[in-house]
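Trainee: Sequence:
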Amino acid sequence: MQATNLAGEPVLQLEHRGQVALLCLNRPEAYNALSRALTQAIIDAFGALSADDSVRAIVLTGNGKAFSAGVDLKEMAEDGGKAMDPANLGVDSPLIRALANCEKPIVGAINGFAVTGGFELALACDYLYAARSARFADTHARVGLIPGWGLSQKLPRLVGINRAREISFTGNYFSATEACEWGLVNKVLEDDSLLEAALVSAQDIAGTQPDALKRIRALMNEGWQLPLGEALAMEGERSAAYNSTVEFSLMEERLAELRTRSKQRQ
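Note that the working numbering gives residue 1299 to position 230 of the sequence shown, counting from 1, and the numbers run on in steps of one.
Everything labelled a hint here was simulated from the structure, so no lab data went into it. No experiment lies behind these values; they were computed from the predicted model shown. Be aware that one or more of the hints could be misleading.
[Said to hold, decoys possible] Below are the DSS-like pairs computed for lysine-lysine, each with C-alpha atoms no more than 30 angstroms apart in a straight line:
1) Lys1256 to Lys1134
2) Lys1134 to Lys1223
3) Lys1256 to Lys1223
4) Lys1256 to Lys1283
5) Lys1143 to Lys1223
6) Lys1283 to Lys1223
With the hints as constraints, model all of the structure from the sequences given.
Mentor: Take a look at the structure:
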């Protein structure tokens, strides 16, 4: 039986827009806090979408005033803190692993507050767009916890170590505009334009060659964690192995399609 929110709606809504899947966290009454039911729904959805050949890209967003407020503290208090079980933390936690293992690019559309665990969920996306009203914060230090889903390592690599220290040491909120200036968010949109912009970007992804895209994404994700020299060597090896298998006639067809697309966008 599918878990529902207070309005009787699924806690995670799925909608297909052509080759793009739109996933919406739907516990607005709880600021989309990550309850066990919502967390499991996210894990299941990303597993299914990763295996679905009709889906080329995914947009992840939230309903209401928040993208996600993080772990459901009310539920945690009721179950004696089981959400802090070591099995639920770290880069191999089922939730973060579900996004990391997903073979489809994930565009995060941050519609409101992205706080602590919700911030970490956002960082698990490939890139982010944000509504002008969106706000971000890492409040781990204020509630007496340590990040367990990658924030302490991903954030410094995105915004710089000193900026990341300020964000995590103070627990202060910062705006979507600041997030964009710091390189955390790619675009800031008016609230009513956010979802459409994210979907358009995802549709652009869906128009690329899926096998090449999958390999490029893997190169970036793996190379990001390596010293530059090792990463460049890895790119050279994989590029030589893959590009030599591409048929020239297919490449000519794709170049013709690209020229047509470029003219249409001028």
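Trainee: Evaluate each hint against the coordinates.
Mentor: Cross-check of the supplied hints:
1. Lys1256 to Lys1134: It holds: about 19 angstroms lies between the C-alpha atoms, which stays within 30 angstroms.
2. Lys1134 to Lys1223: Holds. Lys1134 to Lys1223 sits at ~25 angstroms (cutoff 30 angstroms).
3. Lys1256 to Lys1223: holds (19 angstroms)
4. Lys1256 to Lys1283: holds (23 angstroms)
5. Lys1143 to Lys1223: holds (27 angstroms)
6. Lys1283 to Lys1223: holds (21 angstroms)
Of the hints listed earlier, there is not a single one the structure fails to meet.
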